[in-house]
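There are 2 protein chains.
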Amino acid sequence: MCELLGMSANVPTDICFSFSGLLKRGGETGPHKDGWGITFYEGKGCRSFKDPQASSRSRIAQLVKNYPIKSTMVISHIRQANSGGVSLENTHPFTRQLWGQNWTYAHNGQLKNYADLSLGRMLPIGQTDSEYVFCWIIEQLYQSYNHPPANMHLVFQKIASYAHTLRQLGVFNMLLTNGEYMMCYCTTHLYWITRSAPFGPAQLIDADMKVDFQKETTNEDVVTLIATQPLTSNEKWHKMQSGEFCVFHLGQRIL
Amino acid sequence: MCELLGMSANVPTDICFSFSGLLKRGGETGPHKDGWGITFYEGKGCRSFKDPQASSRSRIAQLVKNYPIKSTMVISHIRQANSGGVSLENTHPFTRQLWGQNWTYAHNGQLKNYADLSLGRMLPIGQTDSEYVFCWIIEQLYQSYNHPPANMHLVFQKIASYAHTLRQLGVFNMLLTNGEYMMCYCTTHLYWITRSAPFGPAQLIDADMKVDFQKETTNEDVVTLIATQPLTSNEKWHKMQSGEFCVFHLGQRIL
Numbered sequence: 067m068c069e070l071l072g073m074s075a076n077v078p079t080d081i082c083f084s085f086s087g088l089l090k091r092g093g094e095t096g097p098h099k100d101g102w103g104i105t106f107y108e109g110k111g112c113r114s115f116k117d118p119q120a121s122s123r124s125r126i127a128q129l130v131k132n133y134p135i136k137s138t139m140v141i142s143h144i145r146q147a148n149s150g151g152v153s154l155e156n157t158h159p160f161t162r163q164l165w166g167q168n169w170t171y172a173h174n175g176q177l178k179n180y181a182d183l184s185l186g187r188m189l190p191i192g193q194t195d196s197e198y199v200f201c202w203i204i205e206q207l208y209q210s211y212n213h214p215p216a217n218m219h220l221v222f223q224k225i226a227s228y229a230h231t232l233r234q235l236g237v238f239n240m241l242l243t244n245g246e247y248m249m250c251y252c253t254t255h256l257y258w259i260t261r262s263a264p265f266g267p268a269q270l271i272d273a274d275m276k277v278d279f280q281k282e283t284t285n286e287d288v289v290t291l292i293a294t295q296p297l298t299s300n301e302k303w304h305k306m307q308s309g310e311f312c313v314f315h316l317g318q319r320i321l
Numbered sequence: 067m068c069e070l071l072g073m074s075a076n077v078p079t080d081i082c083f084s085f086s087g088l089l090k091r092g093g094e095t096g097p098h099k100d101g102w103g104i105t106f107y108e109g110k111g112c113r114s115f116k117d118p119q120a121s122s123r124s125r126i127a128q129l130v131k132n133y134p135i136k137s138t139m140v141i142s143h144i145r146q147a148n149s150g151g152v153s154l155e156n157t158h159p160f161t162r163q164l165w166g167q168n169w170t171y172a173h174n175g176q177l178k179n180y181a182d183l184s185l186g187r188m189l190p191i192g193q194t195d196s197e198y199v200f201c202w203i204i205e206q207l208y209q210s211y212n213h214p215p216a217n218m219h220l221v222f223q224k225i226a227s228y229a230h231t232l233r234q235l236g237v238f239n240m241l242l243t244n245g246e247y248m249m250c251y252c253t254t255h256l257y258w259i260t261r262s263a264p265f266g267p268a269q270l271i272d273a274d275m276k277v278d279f280q281k282e283t284t285n286e287d288v289v290t291l292i293a294t295q296p297l298t299s300n301e302k303w304h305k306m307q308s309g310e311f312c313v314f315h316l317g318q319r320i321l
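Residue numbers (this note's numbering), protein chains in the order written: chain A, 67 to 321; chain B, 67 to 321.
Keep in mind the hints are simulated off the structure, nothing from the lab. As the structure is a prediction and not an experimental result, all values here were calculated from the model. Do not take every clue at face value.
Note that identical chains are pooled: a pair holds if it fits in a single copy or bridges any two copies.
[Unchecked claim] The list that follows gives simulated cross-link-like pairs (lysine-lysine, DSSO-like), each with its CA atoms no further than 30 Å apart: (1) K302 <-> K178; (2) K178 <-> K276; (3) K276 <-> K305; (4) K131 <-> K276; (5) K178 <-> K110; (6) K276 <-> K224; (7) K276 <-> K110; (8) K224 <-> K90; (9) K178 <-> K131; (10) K99 <-> K281.
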């Protein structure tokens, strides 16, 4: 099992607070010691930091924790390996180009018989079930839309239909983004929370850290976080149902 | 204009010394203040650090300088923007998947009429001439070889023929790797040096730094560096000719 963390916001926001909680689960308060990664979007570009070692001991993770990179779209993942060895190429998130956009993805769960899904030109680099089915999703999308589609709502409905197929193969909790939209798919554990004015304080579950968002935000800010398990103890997180998907845009749920 | 730095080695080697020299040129001893990036391979995986701000002032560059990530294959680039704005998506190196491998590329120079080259499915995300022609190269390769080719020598001859075409459009100095081989193409400035036993001391041109490689290496180590301009003052660098290409494997020149 692994843990996922995602953020969609309407203003560039730093994720240091939530990432600090997640980091602890990478080999300290949780068993996810086989690597971690985080991808931040800035415009159409994105930057990833990854390490096949435990996040709680990673020097690069310390940099990310202490250096507030502001972004409107972030995906992070801490890994407990089951399919594929502990290596950089098997570390999430994965990013691929589609329609001149960076598509980034991370997966929690384990799939069987996924190799029966036929791939085209989009091939995995590592050996995980996760990257394999990501390649399959991107290939399916390209086969459905040779050109950037005008109606992104239909695209996410299509991706949900692929996710329903994958769910037949095992556990498929997923975060997927093109930098503008964040799609979340749940089969077992996925929670989300949207923070907007009036903001209040939040207390991390995994570390003795508290933040008063009132002091850090303006009244117009809207920030959604998605996580495998709630990261704060004093806020109400929405639990997603098995087979459910959500899409967020600028922090707001739109599907 | 920009500057390139590449390394191919037969043992995981840190590039901190050479990178320190390059960094200085990013807005301090040189004018390349519009971003920088570096990609390290670890097995089939690779990790990139990038910043659209000057390397001499970048906190992430400081981390890379001080944290010895060991790799057998590295590409780095500092940018002085001409085609495409200063942004993360326009920052080199660029990485794309081909044949289940990460292909990474950086370019120095400026090209005209490159948009006449027709692209297929591999589309640029940013607005640079550099990324556009990288997409073109990858597309051409895929059209020539649908499957991973057995003879990589022929592949590099093929890439050289594409580079000859691009050279007609302007200045095209390039580093390109699939993690195993490093190809270098020169139209104006590109130098390389292979270090092997007996190792000696080296003195950076851009910073008051000296290293005695004898103390840092074993007798079996072979390390090649490729750079736009020599980085050290007391060693003999090979100057490449216009239209010339080299390929390095495990630090040795093979083509």
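Going through the hints against the structure:
1. With identical chains, the CA atoms of K302 and K178 are never at most 30 Å apart, being 34 Å at best within one copy and 56 Å at best between copies.
2. Taking the shortest alpha-carbon separations for K178 and K276, neither the intra-copy value of 41 Å nor the inter-copy value of 54 Å comes in at or below 30 Å.
3. In this assembly of identical chains, the alpha carbons of K276 and K305 lie at most 30 Å apart only when taken from the same copy (22 Å versus 58 Å across copies).
4. Taking the shortest Cα distances, K131 and K276 sit within 30 Å of each other inside one copy (15 Å), while across copies they are farther apart (33 Å).
5. Taking the shortest alpha-carbon separations for K178 and K110, only the inter-copy value of 24 Å comes in at or below 30 Å, while the best intra-copy value is 34 Å.
6. Within a single copy, K276 and K224 get their C-alpha atoms no closer than 40 Å, and across copies no closer than 58 Å, so neither meets the 30 Å cut-off.
7. Neither within a single protomer nor between protomers do K276 and K110 lie at most 30 Å apart by alpha-carbon distance, with minima of 32 Å and 40 Å respectively.
8. Proximity of K224 to K90 under the C-alpha cut-off of 30 Å is found in neither arrangement, the shortest distances being 35 Å within a copy and 49 Å between copies.
9. In this assembly of identical chains, the alpha carbons of K178 and K131 never lie at most 30 Å apart, being 35 Å within a copy and 42 Å across copies at closest.
10. Neither within a single protomer nor between protomers do K99 and K281 lie at most 30 Å apart by alpha-carbon distance, with minima of 34 Å and 34 Å respectively.
Hint compliance for this structure: hints 1, 2, 6, 7, 8, 9, 10 are broken, all remaining hints hold.
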